[in-house]
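Participant: The residues making up each chain are set out below.
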Amino acid sequence: MLARQRYLLDYTLAALLRRKGRHLSLLLVYGALVFALASVLLFGSALRREARALLQDAPELTVQRLVAGRHDPIPAAYLAEVRKIRGVAAAEPRLWGYYYDPASGANYTVLVPATDPPPAGSARVGRGVARSRGLAVGDVVAFRDARAEPLPLRVTHLLDPASELLTADLFLVAEGDFRRWLGVPEGLYTDLALRVRNGREVRTVADKVTRALPDTRPVLREEVARTYDAVFAWREGVGLLLLCAALFAFAIFAWDRASGLSAEERREIGVLKAVGWDTGDVLRMKLWEGAVVSLTAFLLGYVLAYAHVFWAGAPLLAPLLKGWATLYPEFRLVPHVEPAGVLALFALTVVPYTAVTLVPTWRAAVADPDAVMRGAQE
Amino acid sequence: MIRLEDVRKAFHQGSPNEVWAVRGVTLTIEPGSVTVFRGPSGSGKTSLVSLVGCLARPTSGRVRLGDRLVSALPEKFLAELRRRTFGFVFQQFHLVRGLSVLENVMLPAYPEAPPYAELRARAEGLLGRLGISDRAGARSEWLSGGEAQRAAIARALVNDPQVLIADEPTANLDTERSRDFLEIVAGLKAEGRTVILTSHDPLVCEAPLVDRVVPLRDGRVEGAA
Amino acid sequence: MLLHPPVLALLVVSSLVTAGLALGVPFALRVVRHWDLASGSERQVRLERGTSLVSAVLGLVLAAQALSLGLFVFAAESLSSQITGAMCATGTLNATPFGFPALGLKVALFFGAAVWLALDRLDRDGDDYPLVRGKYALLVGLAPLAAAEALLQFLHFAGLSPEVITSCCGSLFSVEGAGVAAEVAGLPPGPAMAAFYLSGALVLALAARTWWTAGRGGAVLGAGAALGAAAVTAFAAALAGVVSFLSVYVYESPHHHCPFCLLKGGYDYLGYPLYSALFAGTACALAAAVSGPFARVRSLALAAPRRAARCAGWASVLLGAFYLLSTWAVLRSHLGLFP
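Protein chains in written order, with our numbering: chain A, 17 to 394; chain B, 1091 to 1315; chain C, 198 to 536.
The shape of chain A in the complex, shown without the other chains (with noise of 0.2 Å):
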């Protein structure tokens, strides 16, 4: 049995290689079409982990002051407030915000850290801002404040770069600074973090929130997470909807490729049915020949994707998934392959593709055994 099927892929193998040309041009085109995909699918979960593992450092709970229906700066009494709820196990203030920057038409995220927090009159900078303002360390940059009178700051660190899908637009400043700069007068916060004891409570302290303090809004970072994770699914998913279109093609494509048999090759499979080989065999051959061409084509798109998306940075699907920053981040993203995203790409490649292969290939196997006879006399 298993010898049968050695001596039908050996002979596959010979027939591919006869017929290099009419092999290559598909070979390509399923190449293609599996790097595209592979591409989507990759860049795609290698986002959705980023944001999963930046988040994990976020706090589980965060807590904003509501006015108007809009996000508005928390007073440091609520602090107290939030103290005083059960099963809180630190609370801290935070402040953070957006600057507009006119000499480089973009948005810088301007934060305090919670920790070790620069001096008065230095910032620790972003890779992004550094490359769109020319930035390095030891340089002075000015901004204007919030009573439009200059604000230097001395750059005395860029930013790890590892971290440059968070840090790109980033400036780490002294609370002074930052409060004379984007007028944030004192005794107000942006929001205040939260950690919570038991993890399983956070619902629960949400809510005494929300009880205790009625104008504030609670955010939770699973929350977050899935909005994150949700937006990420859903643009990759757009991608591969539209991807659906060149699948279609491709599919159509394949079938035209597997019925327009050449007169060459249907007396090619009248000669062996005629020999003796059986209808089975002769389909076994034909799905022989599409599983060397499809594993060919899904490893070849495969390793080319990863190098696209992991060691080039995926410029090709850039603009359609990241698309949420002014200065887009110059980012490596982490290798990591999903044994689920190898699979479904497996299946919305390999599985069409023989599906829609397979009654062509059929209505080639069930040749008349006796053509190659008739075919003498007619």
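Note that these hints are calculated values from the structure, not bench results.
Where hints are given, some of them may not hold.
Unchecked claim - A short list of chain A residues far from chain B (calculated; beta carbon distances all over 12 Å): (1) Glu97; (2) Glu108; (3) Asp117; (4) Glu217; (5) Phe326; (6) Ala328.
To be verified - Listed next, the stretches of chain C that the computed footprint assigns to chain A, with coverage defined by at least 3 CB atoms under 8 Å from CB atoms of chain A: (7) 242–250; (8) 255–267; (9) 351–358.
Quick reminder that beta carbons are idealized off the backbone N, C-alpha and C, glycines included.
Got chain A sorted already, so can you dock chains B and C onto it with the hints?
Facilitator: Chains B and C in isolation, oriented as in the chain A frame:
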């Protein structure tokens, strides 16, 4: 022994261009004999050898091989029978282009999947016997007509069949090559194989080694009731 | 949540499977009505040739169903991060009333295709297609199963939304909960383990016996039904055992009963070899069970025992591997043998 009983074969059955290629043939072919089906083109001789060689099933009637009724066998079993019992030499030889002569000879044995070394030795032995060992590695489309026929005969014999069927074997050969072919047939007959030929070449029909000539016309045996 | 990559892939696979089987139905009906092997008419030849296509389609359906089973659980797993209250595949499956039924139908279709293929291979061994009518009647039965599976799966994914608050494996497979899953999880580990190993021993013994006697050309009359019943029972007991005690040993946490978390990296991906062996082994046992009894048919007198023996042999090996692997997982656990 091969026995046909009132065998008929139609093509395009049920459609306006229905043709009855064989219209009731009853015939017995003895083992070890050389039989020629003679007739003009369109006489049904090719269809008839297709039925004898299990390439097709009759529309009605029975075909027996020894004591086995083969006319009602499923295709899978017909293929197996064809592989083990019959060897075919087609009029155009029909070697597979792009493959070497040796590979062409081994093709019919693939579904049987014998050990590769054994199969290769068998194929090389046949090529040697037919005097074309030196062409074993050549691509089949580079062969001359006579060489191609020998390669086709080697392919037909690779599974050591009991019966060899050749369709118009001398149609594409000059007289000398046709004589060579008859010599090969004589050798096969001496080994006890049954040989069935279709031909209207007098050189073949009148050859002394032929045991029986069956004249065909319009799908019937001429002279039969 | 239809626009999720694994979900799209699943929908593509299930619609292809359904289309394949649906196209087979008219053909199957023609076979049941017009099959006449004695005739050499072109219609009969066409029918015979059609059977080779249907066999190939069913072979692909079986492969696609195995792929789809894996992908379905994967998709559930990866969607769980987007569904409130779901922490693993169980939560996602539980988020709509269609999740678990869809999974069940997938399993049923997998085994259905396996049994059909076993009959088909056997049928082709006989020179008179002895099983052809029954086989195609069975095919007509498989098609609605595939359609129902595709529909339930679609409803499940279409019904998933982040607002649905679902209960996760913690609550579904917990001893205190209600419903079948909870009852299974709440089975006392002792009897569950006894059922697991007793049914396992029975199916292994019957498979080995079939392999032994059929391999020597002996009749296996009656053994077919027994082996089939034992295989189904052992399969059910195996799943129940995984939920009720095996998972607990693997996770080393007395209240974690989820059968899907076994597929996670944190537990050495133990689920993959475990479930592969169980599913493939059960499929082989069922194939042996349906093949054996046909030794009574004249044209299958030789082929049926041979096929039964081969399938039974594989079933013994694969199921044996499943029980060995399970035992190993229990023994290496830091949890005491009877917690």
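Participant: Would you pick out the hints that fail for this structure and give their numbers low to high?
Facilitator: 9
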